[in-house]
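K.L.:
Turn these sequences into a full structure, and let the hints guide you.
What follows is each chain in one-letter form.
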Amino acid sequence: MFGTDNFLTSKLESAIGWARKYSIFQYPFVTACCGMEYMATACSHYDVDRFGAGFPRFSPRQADVLFVVGTISHKMAPVLKKIYDQMTEPKWVVAFGVCTCTGGFYDNYATVMGIDTIIPVDVYIPGCPPRPENVLDGLIKLQDRIQAQHDGKPLARPDPRERSFTV
Amino acid sequence: METQDASSLETRDMLLNVGPSHPAMHGIIRIITKLEGETIRDIDVHIGYLHRGFEKMSETVSYNGVIPYTDRLNYVSPLINNMGYCMAVEKLLGLTAPERCQYIRVIMSEISRVTDHLTCVGASAMELGAFTVFLYMIKAREYLWELVEAVTGARLTISYCRVGGVKADLPAGFEEKTRKAFVETRNVLKEVDKLLTANRIFVDRMKGTGKISQADAISYGITGPFLRATGVNFDVRKACPYAVYDRLKFEVPLGTVGDNLDRYYCRMEEMEISMRIVEQCLEKIPGGPVQVDPETGRPIPAAEMVDKGKMGRINEIAGKTAVTDPTLEGASDRVRSTIGVAEKRVFLPPKEDTYGNIEGLMNHFKLVMFGHGIRPPQGEVYQAVEGANGELGFYVVSDGSDRAYRVRVRPPCFPIMSALPKLLVGEMMADMVPTFGSVNMIGGELDR
Amino acid sequence: MNAPSLSELLKTKAPEAVLAAHAWRGDETVTVSPDRLVEVARILKEDPAFQMNFLMDLTAVDYLTFGKTAQGQGAHANTGIAVRQPMNISTEEPWPGRASAARFEMVYHFFSLPLQRRIRVKVPVEESKAEVESVAAMWATANWFEREVWDMFGIRFRGHPDLRRLLMYPEFEGHPLRKDYAVNKRQPLIGPVN
Numbered sequence: 001m002f003g004t005d006n007f008l009t010s011k012l013e014s015a016i017g018w019a020r021k022y023s024i025f026q027y028p029f030v031t032a033c034c035g036m037e038y039m040a041t042a043c044s045h046y047d048v049d050r051f052g053a054g055f056p057r058f059s060p061r062q063a064d065v066l067f068v069v070g071t072i073s074h075k076m077a078p079v080l081k082k083i084y085d086q087m088t089e090p091k092w093v094v095a096f097g098v099c100t101c102t103g104g105f106y107d108n109y110a111t112v113m114g115i116d117t118i119i120p121v122d123v124y125i126p127g128c129p130p131r132p133e134n135v136l137d138g139l140i141k142l143q144d145r146i147q148a149q150h151d152g153k154p155l156a157r158p159d160p161r162e163r164s165f166t167v
Numbered sequence: 001m002e003t004q005d006a007s008s009l010e011t012r013d014m015l016l017n018v019g020p021s022h023p024a025m026h027g028i029i030r031i032i033t034k035l036e037g038e039t040i041r042d043i044d045v046h047i048g049y050l051h052r053g054f055e056k057m058s059e060t061v062s063y064n065g066v067i068p069y070t071d072r073l074n075y076v077s078p079l080i081n082n083m084g085y086c087m088a089v090e091k092l093l094g095l096t097a098p099e100r101c102q103y104i105r106v107i108m109s110e111i112s113r114v115t116d117h118l119t120c121v122g123a124s125a126m127e128l129g130a131f132t133v134f135l136y137m138i139k140a141r142e143y144l145w146e147l148v149e150a151v152t153g154a155r156l157t158i159s160y161c162r163v164g165g166v167k168a169d170l171p172a173g174f175e176e177k178t179r180k181a182f183v184e185t186r187n188v189l190k191e192v193d194k195l196l197t198a199n200r201i202f203v204d205r206m207k208g209t210g211k212i213s214q215a216d217a218i219s220y221g222i223t224g225p226f227l228r229a230t231g232v233n234f235d236v237r238k239a240c241p242y243a244v245y246d247r248l249k250f251e252v253p254l255g256t257v258g259d260n261l262d263r264y265y266c267r268m269e270e271m272e273i274s275m276r277i278v279e280q281c282l283e284k285i286p287g288g289p290v291q292v293d294p295e296t297g298r299p300i301p302a303a304e305m306v307d308k309g310k311m312g313r314i315n316e317i318a319g320k321t322a323v324t325d326p327t328l329e330g331a332s333d334r335v336r337s338t339i340g341v342a343e344k345r346v347f348l349p350p351k352e353d354t355y356g357n358i359e360g361l362m363n364h365f366k367l368v369m370f371g372h373g374i375r376p377p378q379g380e381v382y383q384a385v386e387g388a389n390g391e392l393g394f395y396v397v398s399d400g401s402d403r404a405y406r407v408r409v410r411p412p413c414f415p416i417m418s419a420l421p422k423l424l425v426g427e428m429m430a431d432m433v434p435t436f437g438s439v440n441m442i443g444g445e446l447d448r
Numbered sequence: 001m002n003a004p005s006l007s008e009l010l011k012t013k014a015p016e017a018v019l020a021a022h023a024w025r026g027d028e029t030v031t032v033s034p035d036r037l038v039e040v041a042r043i044l045k046e047d048p049a050f051q052m053n054f055l056m057d058l059t060a061v062d063y064l065t066f067g068k069t070a071q072g073q074g075a076h077a078n079t080g081i082a083v084r085q086p087m088n089i090s091t092e093e094p095w096p097g098r099a100s101a102a103r104f105e106m107v108y109h110f111f112s113l114p115l116q117r118r119i120r121v122k123v124p125v126e127e128s129k130a131e132v133e134s135v136a137a138m139w140a141t142a143n144w145f146e147r148e149v150w151d152m153f154g155i156r157f158r159g160h161p162d163l164r165r166l167l168m169y170p171e172f173e174g175h176p177l178r179k180d181y182a183v184n185k186r187q188p189l190i191g192p193v194n
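Sequences listed follow chains E, Y and D, in order.
First residue of the first sequence: 1, per my numbering; consecutive thereafter.
First residue of the second sequence: 1, per my numbering; consecutive thereafter.
First residue of the third sequence: 1, per my numbering; consecutive thereafter.
Honestly, the hints are just simulated from the structure, not real lab data.
Just so you know, not all the hints are guaranteed correct.
[Claimed, not checked] A partial selection of chain E residues facing chain D, derived with a Cβ cut-off under 10 angstroms:
#, residue
1, Lys75
2, Ala77
3, Pro78
4, Lys81
5, Met113
6, Thr117
7, Ile118
Cβ atoms here follow ideal geometry from the backbone N, Cα and C, with glycine treated the same way.
P.N.:
Put into structure tokens, the structure is as follows:
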């Protein structure tokens with residue numbers, strides 16, 4: 001009856017997964033134009049609060065999802081790494097906008113070509129900027145990932161070499 | 001026991017890093033403050049966290065290819081940036097866009113200005129605790145963005161203007177949509193006015209903080225609502241009129257003291273004035289809001305036009321309007337010459353020509369393919385437009401090749417940010433929040 | 001308008017300082033020699049004929065590859081097709097060109113609020129001696145603009161209170177907007193150099 005794989009603990013794990021996915025405390029690391037679409041998604045019209053993600057926590061110690069919104073330059077990269085390191089487990093990272101996924105069209109001396117070169121990323125939301133519907137789609141995929149982590153069958157992190165395709 | 005008076009206690013200034021990732025900072029900058037208690041003694045502002053190499057990138061793409069980069073400069077009012085850049089290159093070429101196109105650009109610029117001020121006032125109110133105001137203003141901004149999407153196809157990064165014109169004409173029903181959007185926006189502005197303008201907490205935090213004198217503002221090169229709040233009457237639309245602003249009647253709101261509250265008033269007034277400008281333009285725009293082919297009053301289906309072109313009956317189709325497939329270029333009843341200059345070396349031919357006859361295809365090829373493209377003569381120009389934060393200037397140097405040699409953007413919030421020590425030293429720490437909010441720093445513009 | 005040309009006026013006030021002047025496309029432009037910059041700036045600020053109280057913009061241009069790109073000369077484009085240089089689109093008089101062959105040129109844009117006039121001042125700067133006097137004492141806005149020019153072009157400003165990098169991080173080596181700095185030459189602080 002007791003052990004890692006039995007009925008009670010797996011139901012408990014699912015319940016924890018369910019609770020975690022509907023109470024996302026995000027840290028919106030907003031830098032650029034995608035921030036405007038992030039604002040639009042968070043506000044009344046497209047309302048991210050109905051997914052339980054309406055409460056941004058502006059401290060990495062209190063957040064569990066790091067939304068990296070907008071271009072990351074090389075000057076900003078150490079700051080991003082520091083904030084990622086300061087977050088406590090369990091934590092997830094969402095790369096919001098194509099500048100964080102692959103660098104966007106800023107292929108130059110100043111821009112990091114994809115934040116997955118610095119920190120591991122769970123969900124990529126491409127778009128320049130992504131429409132709020134895209135963001136909500138990405139959020140739902142993140143929720144699936146959070147649930148799956150607790151159902152004992154975690155979804156593998158997308159291979160950075162295949163990052164142009166959705167999971 | 002003897003009591004020591006406060007002056008004999010040892011004090012030390014504290015260095016507080018208001019770091020790059022901070023909730024109340026509209027963008028990523030680092031402000032290193034030296035605090036004595038709550039009072040700010042000295043600040044050092046570090047910017048450049050969003051430097052994306054706009055000026056270097058614009059040397060690697062063609063003239064029209066710079067337009068998406070300009071969208072992302074001041075990303076809350078992208079149409080103003082587009083317009084400024086396109087007008088600079090047109091000045092270099094010595095061309096003027098057709099009249100209707102200029103009216104369209106002015107309409108879209110003013111709508112962009114309203115969205116910028118909505119975002120600025122909303123975000124700075126949110127930082128002072130008025131979260132509802134933020135939600136209301138973003139709601140109004142959504143209506144305007146739906147309007148922009150109906151015209152340009154995108155909400156935020158629109159790449160709408162082209163060198164020599166705009167991408168496509170206003171769609172059918174634009175006037176009606178605009179009126180509805182403005183009704184909603186005006187309602188929101190009324191509600192916000194009731195919530196904030198006489199609100200004791202809001203007024204106490206904004207009044208008297210972040211003051212700057214007229215002489216200092218001019219010395220720091222500050223323009224826009226920030227300068228007008230100090231009482232200096234300088235608006236690029238009035239001082240150096242461009243496009244059709246000299247035919248429009250509008251006032252310029254001026255403040256008196258130059259503190260945060262005056263800037264709030266200026267921005268609220270400017271939103272209303274911008275909406276009135278759009279309404280005036282919709283009345284004055286030549287050809288009315290929706291265009292009709294003047295000759296026959298009846299457009300020809302595009303397939304018929306293509307057939308005639310293939311059979312060589314060019315004179316039967318020259319100058320006629322085609323009813324295009326809805327997947328090509330928007331509204332079906334428009335006349336191409338009103339939205340772009342009739343200059344083959346600059347403005348793309350209509351799609352009916354590109355797909356219909358070989359001359360159009362060659363014209364398209366010569367403008368779009370790598371190595372070809374618009375080639376302005378050698379020279380340099382400076383074109384200033386009134387951005388939402390102040391004078392947005394584009395200095396373009398051309399060496400006669402298909403790529404710009406140097407594109408310099410004079411960002412309006414750059415001098416305002418450099419004046420931050422002047423605004424904040426001597427104030428309390430908590431005054432940094434409303435002052436920084438009213439600066440309306442946009443990272444894309446500041447760092448480029 | 002019959003307003004006197006500002007560049008002509010400046011030539012009469014500071015004749016040895018002005019190297020060239022034109023008003024191409026309506027923009028009054030004067031080229032000034034670098035050692036006379038402060039004198040000319042003071043005239044522009046204080047003289048009642050100019051009253052340039054706004055320093056709108058301060059930047060530099062690197063003329064290293066001006067007119068030397070293959071496309072500019074009408075040679076073969078990358079596509080292998082010979083590209084013929086088209087005629088100038090405008091039929092007005094052509095740009096008079098630069099007054100000197102120095103690599104850099106500082107460009108100052110001034111605006112006079114009382115007179116509502118603009119003027120552009122260009123100062124040629126040699127590559128070997130990339131230094132100019134700072135005007136930060138006259139217009140407070142020049143402080144950050146000059147820091148940016150130092151950061152992007154490597155031109156020093158004598159008398160600047162605090163000349164350090166503005167947009168790039170201190171560990172960055174080189175000056176990105178120079179024509180000989182490759183556009184995607186990255187110097188990351190952390191992470192790979194892609």
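K.L.:
Taking the hints in turn, state whether each one holds.
P.N.:
Against the structure, the hints come out as follows:
no.: 1; hint: Lys75; result: 5 angstroms, holds
no.: 2; hint: Ala77; result: 5 angstroms, holds
no.: 3; hint: Pro78; result: 5 angstroms, holds
no.: 4; hint: Lys81; result: 6 angstroms, holds
no.: 5; hint: Met113; result: 5 angstroms, holds
no.: 6; hint: Thr117; result: 5 angstroms, holds
no.: 7; hint: Ile118; result: 5 angstroms, holds
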